[in-house]
Amino acid sequence: MKAHVVMYTTAVCPYCTMAERLLKSKGVDDIEKIRVDLDPGMREAMMKKTGRRTVPQIYIGDTHVGGFDDISALDRAGKLDPLLNPLE
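Quick note on numbering: the sequence shown equals residues 1 to 88 in the numbering used here.
Derived from the structure by calculation, the hints contain no laboratory data.
Keep in mind that the hints are not guaranteed to be accurate.
[As the list claims (entries may be wrong)] Capping the alpha-carbon separation at 27 Å, the derived lysine-lysine pairs in DSS-like fashion look like this:
(1) K33 / K79
(2) K2 / K26
(3) K79 / K49
(4) K2 / K33
(5) K79 / K48
(6) K49 / K24
(7) K33 / K48
(8) K2 / K79
(9) K49 / K33
All figures in this text were calculated on a predicted structure; none of them were measured in a lab.
With the hints as extra help, turn the sequences into a complete structure.
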């Protein structure tokens with residue numbers, strides 16, 4: 001079973017699209033997307049929770065992995081698959 005993935009995102013964010021594409025290539029079919037461009041309160045909540053202003057901000061389970069550059073680096077280091085598949 002894949003870990004639950006949450007992504008703070010906006011409508012026009014190329015890095016969000018790239019992050020989603022990477023996650024889907026890893027078999028993640030269900031990404032909970034929180035659109036911070038539609039609700040300024042959600043952006044404030046994201047900034048308090050992550051300490052960051054930019055999107056995407058991605059959580060895998062309870063782990064904040066950061067943005068696209070961060071998740072891409074995790075993948076290159078071989079550390080993304082264990083986060084996505086905690087029971088394997």
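Hints broken by the structure, by number, lowest first?
Violated hints: none at all, because every hint is consistent with the structure.
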